[in-house]
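First to last, the protein sequences are chains A and B.
By the working numbering, the letter at position 190 of the first sequence is numbered 258, and the numbering carries on one by one without gaps.
By the working numbering, the letter at position 311 of the second sequence is numbered 362, and the numbering carries on one by one without gaps.
Source of the hints: derived by calculation from the structure; they are not laboratory data.
Certain hints may be false.
[What the hints assert, rightly or not] Derived pair list, reagent style EDC-like, types lysine to aspartate or glutamate, alpha-carbon separation capped at 20 Å:
hint : chain 1 : residue 1 : chain 2 : residue 2
1    : B       : Lys371    : A       : Asp319
2    : B       : Lys200    : B       : Asp225
3    : B       : Lys369    : A       : Glu235
[Stated by the list, open to error] Far from chain B, some chain A residues (derived; all Cβ distances over 10 Å):
hint : residue
4    : Ser203
5    : Glu277
6    : Thr336
7    : Tyr342
Built from N, CA and C at the ideal position, the CB exists for glycine as well.
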Amino acid sequence: MKSIVIAPTLAAILSLFPVCDVTAQGTDLCAAYNAAVVAGAPGTVPVVSDALLTNWRTALACLVPIVAGMNDTMKSGSVGAPLRAKYLSATGAIRAMATKIGAGEDANAQLPQGQRNPNIDTIAMFQAEFRKVQSIEVFAALTTGARSDNYDMRLTSILVLGNTIDERFACVPLVQILDPELDTADYAINAKANLLGMLSRVAPFVYKEDFSNVRSVKAVIAKAVPPGDPRFNQTRLILENIEQRLNAQTDASNRGVTLDGDAKGKCTRYMVTYPATELMKANIKY
Amino acid sequence: MDEKSDASGSRPGPTPEELMASIDTRVKQLENRVATLVTPPPDRTLTGRIASFFSSGFFFLLLGGALLFVAQDRMSTNHAGITFVLVVLGVALLLYGTGTQGMGQFTSGAGAGYNIAIAGGAGVVAFIVAYGIIKYSTDMRDAFQPERKFVRVLVQGGDGVTDIAKYASTFEIDGVAVPAAVKARNVVEVYIPYLPYEIVKPATPNPVPQPALQVDDKGMCPTTENREALRSLDQRATTKMVSARFYRTDAGTNPDALLPRADSEFMVRLDQSIFRSNDGGIDYPRYPVRICVNLQQVDLAIAAVNRREIGDSAAINKLKTNLPPAVIEAQ
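The shape of chain B in the complex, shown without the other chains (with noise of 0.2 Å):
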């Protein structure tokens, strides 16, 4: 057995007097070689010069500013999304142009030991941020929002008569007119502007489920679909009340079939469900329940029909003299 070895074999460490000589040698080791250093003179050339300031703060700090401005400036034209990127690349090259510094650390004292080390400021920032999205994403979605949005409201002839092609329509919400578009052959595309605080968010959860509809909102198709998607809105929503006026362009060659002129109302709910959706990546958001004008001379045409009878004249002269019309009214 070796002489050094103690009772249970195994070696002893060296003395306290010993470890401390032995560092203190190694820090002179250091230290001479430290001033042995020479450190390279700084790179004067172009390139050098270019390549330093590429790769410092102050550029980052640029950068980062740069793709802030650009974000604010295109704002109003760019996709939320694409603003949204724009703004966390800009801050997050912010951070790392000031430098990384230090946020804490974790020393293990036990066994071999390790060392955590947060490394950087940004880091934590991201780390934040990223907390923060998930967190907040529905209000940061409204954050950057244009104040001002629509939603798009199709307005058809449901009839298989009316033919809003062959009109001219203007519309408005107290006077005040708003923008509209012909969407297809027979529909106008209807953009109902309303403002965030518009779309309230109820203060309790709906206490009891939506009753079935007994009356169609004003100015709907009255069809299955239309009312079961009305059913779906919530009937506490803010309201708004579309005037609309049509004036006939073009009378074809069947003036008598459709009103010269007509007005027309509709009601559209701001239920906050439907600005959640998401329509084709498009931010306006489609109102899910269609209008329908009818603008058919309907009393025209019925007042022709009482006015005349089926049946031929020979037919007619087998009556009694004192043959009242018939009563025909649509119901």
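The following block holds chain A by itself, in its conformation from the complex (with noise of 0.2 Å):
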């Protein structure tokens, strides 16, 4: 018990020195975090406390291979309570700590030239340092989430897949999409136009296979929406807004650049294990 007491001040106190660059994964440090993630009275959410986010860094590279450990038990778009505590408790507090730092961006930006901080955090900076620690598991869990059965949880997972997704990893958004339970779930409308929302984000960036990846999934998806069905017109509006902006890409951005291998190899095994069906064995290819 000790340790969880004494490194929440060990955070407070690096947090204090922003420049002293921590490897917080695997130490005793990321302890404080695993414990802030964990309910402590059935049916509750824990929200990780503004002390322990203070150094955002260390917060990062604690929570997010938190967040990568939940992938293996996340599997459907319905979870149990405390395995949906802890995801929400963990992303909830990455995408506060974004909150701030792009609302401290968008403030600093606004000030006149010469009173600006050109020392303030940024969400490059953030998406720098998660793309540290990042893997292909984080993004599996997060997409699970943006398309549960629950809206918090899809709520928190847009938020933080908004600021962080990897168009390397396009993959993981394109299968889920063509799940079959999503043919059958009475949230599928909505967790459908989370997904297309993240394949919009990521269309302008996406390689030479995912270009034409997300064009076929998007064919399939646009085929499956009922003419003149008001439930769909969010749906609608992605779709549209997904051809522009793929549209935006030219003979100079990504199109023409093939996946490297290493995210092409771990795409493929993603999708053989997850398993692949016929509908996404036919869209998607690498």
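Put the complex together from the two separate chains, hints included.
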């Protein structure tokens, strides 16, 4: 128990020295974050304290692996209460940090040129820090959350993915949007709209393989949208947005570059072990 | 053979005249003995008077009355079970103090003969009370409850960002404030008042099984567990809509994540089944469905996400200039 008490103190002390780059992953420092995301009482969702999030680099290095670690138990859009609480707590903390950094960056940008703080933290820094610890598992867990049966999970997942999704792992939303579970779930319209939003996000930056994969999957989804049904208005809007953003790519952008071998291998394994359906195999190719 | 024996060998009984003579003799003997009895004089010492008082019927009348007074006086603070015990004990002592009266007698007319007598009024009343306790246990429980009671509803932040501890909150029903207290780090317990007539027993049993609910109750945490709990409630039960107001008192280090002020509403169903539950001996039952409030600045966060691209400036510069922003909206 002592480590739980000491670790927040250490985090608070380290937050006074933001230049000190701590590789927190795998150290006792993460014990405080591991403890902070576990619900104390059944049915509650813990909120990671501001003190633990002050040093956002350390917090990110600890929280992202926690989210990635939940991927193995998040195979469905519906998860149990303890896992949901842990997921919401960890992703809520990441989302809160991104909001704080983004708000600070925006406020700084609105200041007159001479008064701006050149050393302020930015979302670009946040994304760069996230990529140091990211994995395909983290995106898999976040994408599962974005198509969850729980609104809070969908909201926090979208806000985290919106800031951090990596175009090299566009395969994750591509595969999950064709999950047969979404053919029957009553929350499928919302879930698919969220995943299409993620594809819209990465569309201008996807590589050659995913450029055609996004087009193919988009066509499959569009075909299933009943014409004139007002419940699908947002879906139609996003589908159109994806097409517009794909068309923003040029010969110099990523659509002319093949996906790197590492990402391609991970995506292939991800789809095969999902497991891949015939629909996935026909429309997602690496 | 004995000459007094008859042909069957059995000895003949006394004649009626002999029997009456024998009884008269015995009665005279008893009268003589009674005449010689001397009644002891009453004990006039202090100890004797005290002992006499504590064994008198008057004492038991006083004791019974005192217990009934205590039961009535402390009813608002005592547990209903204690009140019940005091009342039953008080009534029993009152009856004992009034003395026992023979309430009935049964005499067997054959063989050796035996008598059964219900000894006293207290015994009869105790028997009737015991029957009544079993028969009317539910109604008795209601009779001993205070008129206004409360159902405890847990209101919490359920999204991993909303922290109720950073807010001062008020709750009201139809403009009337209802009490609430902080239950845990991110949980507030609201006490919803109700009156007995609001918990109406349905005239007919549920004619059809509860259908799967299509819509969540307003304000409830949208989780599978809560939907299960909601399904167990009678959908015809009286409902109450509770208005909540939250005022942020602690902005912390991240004021942009949470709203400075927020209003919310949630629904509570006064299903009588939850009021029959025994929640660890607590008189006020706990509402089985949890209420969640979302105090996040969602629009601000979504707008911030949509405003930025994930690619770096080099990647963005390779795109056409008319790049529309992504359409991201939490559905």
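Going through the hints against the structure:
1. B:Lys371 x A:Asp319: 10 Å, holds
2. B:Lys200 x B:Asp225: It holds: about 18 Å lies between the C-alpha atoms, which stays within 20 Å.
3. B:Lys369 x A:Glu235: 15 Å, holds
4. Ser203: 17 Å, holds
5. Glu277: At roughly 17 Å from the nearest Cβ of chain B, A:Glu277 sits farther out than 10 Å, so the non-interface label holds.
6. Thr336: Since the minimum Cβ distance to chain B is about 23 Å, A:Thr336 lies beyond 10 Å and the statement holds.
7. Tyr342: 23 Å, holds
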